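Enquirer: Produce the complete structure using the sequences and hints provided.
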Amino acid sequence: MNDSSQLMNAENLLFFGKVNASISHELKNILAIISETSGFLRDLTDLAKQGKELKIDLLESCCESINEDVQRGFSTIKTMNQFAHSVDYPIKEIDLVELLRLIVHLTGFLSYAGKVYIENDDDGNNHDVLTSPFLLQNLIYQSLIFIFNQTGSNNKIKIQMITGEEGTCLIFNSTEKLNTNLFETPEIKKAAQALGIAVTEKVPGQEFKMLIPYASSEIKELADRLQIERSSED
Amino acid sequence: MKIILVDDEQKFITMLAKRLSFRGVEADVVFSGDDAIKKIKENDYDVAVLDIKMPGISGVKLKNELSSLKPDLKFIFVTGHGSLDGLENNGMPKSIYLSKPLDIELLITKLQEITI
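Protein chains in written order, with the working numbering: chain A, 1 to 234; chain B, 1 to 116.
Don't read these hints as lab results, they were simulated from the structure. Predicted model, so just to flag it, every value in this text is computed and none were measured. One should not assume that every hint holds.
[Unchecked claim] Dumping the calculated SDA-like pairs for lysine to any residue here, alpha-carbon to alpha-carbon at most 25 Å:
#, chain 1, residue 1, chain 2, residue 2
1, B, LYS11, A, ALA21
2, A, LYS28, B, VAL47
3, A, LYS18, B, LYS61
4, A, LYS18, B, VAL47
5, A, LYS55, B, SER58
Expert: Put into C-alpha cells, the structure is as follows:
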C-alpha cells in the first residue's frame, strides 16, 4: 500500500462519512424548522382568508425565525466546506487554532456531544504546525467523541493551548471523569503515532496532554515519501 | 386526541404544536427525555411523537421507558436521518417513522391510524 492511500484507509473514510452524516442531519433539522415556519405562515394565510385577523407580530416573528435558520444553514455549509477542503493537501502548514475551531463546530452537530471550549486561542502566539490536516482532525475529533461517549452530553471539555519550544501542547480537561485512559485505545494511539504526536495522561481520567511538534519526523518522512510518489507518477 | 411532542429542536416542535392545534390536535411539547418522563407521569396522552436522536437518551430508549409507565401509549418517531432504511433494526416497523421535514397532513393521518 503506498502512503497516499494510507491517508484514505477504512478508519479515515469512516471518520469522513460520520462527519458528513452529522452535517446532513443538522441541515435536515434546519430545513425542518424552516418548513414548519413556512407551513405556519400558510396556515395563518388560510385563516385570514376565512376572515380571521392576521397578527403582524406573528408574521414578524416568523420572518425573524426563518432568517435565523437560514443563517444557521449558511454557517453549517461553511463548516462543511472547510471540512471538505481539509483533504486538498495531504501535508500542509496549518493554523492549529483554526483546525480546533472547525472540530468544535463539527462535534457540535452530534446530539450526544457536550460543550467544548478552547482556551488561549487569541494569545497572539503562532500556533502553526506542519501536519496532515485530515489525520489531525480525525485524531482530535475521535478523542472528543470517545470522551463524550463515556461521559454524556452534560460534560464540558476545555482545550488549553500552550506553545513552547517543542511545539504546541493541547491539554484536554474533562469535567466528568473517564474510566478508561483515552490514549490507550488502539485507534487513537495508532492515529497519534502516525502523526508523531505524544499523548500522556496529566490527571488520571480527567486531563490529557497532546504534544504536537511543529513538524514531527513522521510527518517529514511522510512528506518526503509523498514527494517521491508524485515524482514517480510524472 | 391529546399528544406529546418530544424533540430538542425547540423551534421545530413549538411551531408543529401550533399547526396541530389549528387542526384540532392538542399537543404538549417537551424538549428532553427527562421532561417527557415527568410529563407522562402527570398526564394522559394518546400518542407520543419522539425524535430519534436527542442529547442524553435515544428515542427508542425513551419509548421503552415511557411504555413501562403507560403501556397503552402509542408512538410515532421522527427522524432527520437521510433515509428510513435500516431504522426497522431498532425493533419497530418502518411505518411508524416519519422523516423531517414533516408533512403535517401525513402526521395527522398516522395519528388517526394508530388511535383507531
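Enquirer: Against each hint, give a clear statement of whether it holds in the structure.
Expert: Hint check results:
1. In summary, the hint linking LYS11 (chain B) to ALA21 (chain A) is supported, as the alpha carbons are separated by about 22 Å, within the 25 Å threshold.
2. The hinted pair formed by LYS28 (chain A) and VAL47 (chain B) meets the criterion: a straight-line CA distance of about 24 Å does not exceed 25 Å.
3. For a cut-off of 25 Å, the pair hint linking LYS18 (chain A) to LYS61 (chain B) stands: about 22 Å separates their Cα positions.
4. Distance hint between LYS18 (chain A) and VAL47 (chain B) is unfulfilled; the C-alpha atoms sit about 32 Å from each other, more than 25 Å.
5. At roughly 38 Å between alpha-carbon atoms, LYS55 (chain A) and SER58 (chain B) are farther apart than 25 Å, so this suggested pair is violated.
When held up to the earlier numbered hints, the structure conflicts with 4 and 5 and fits the remainder.
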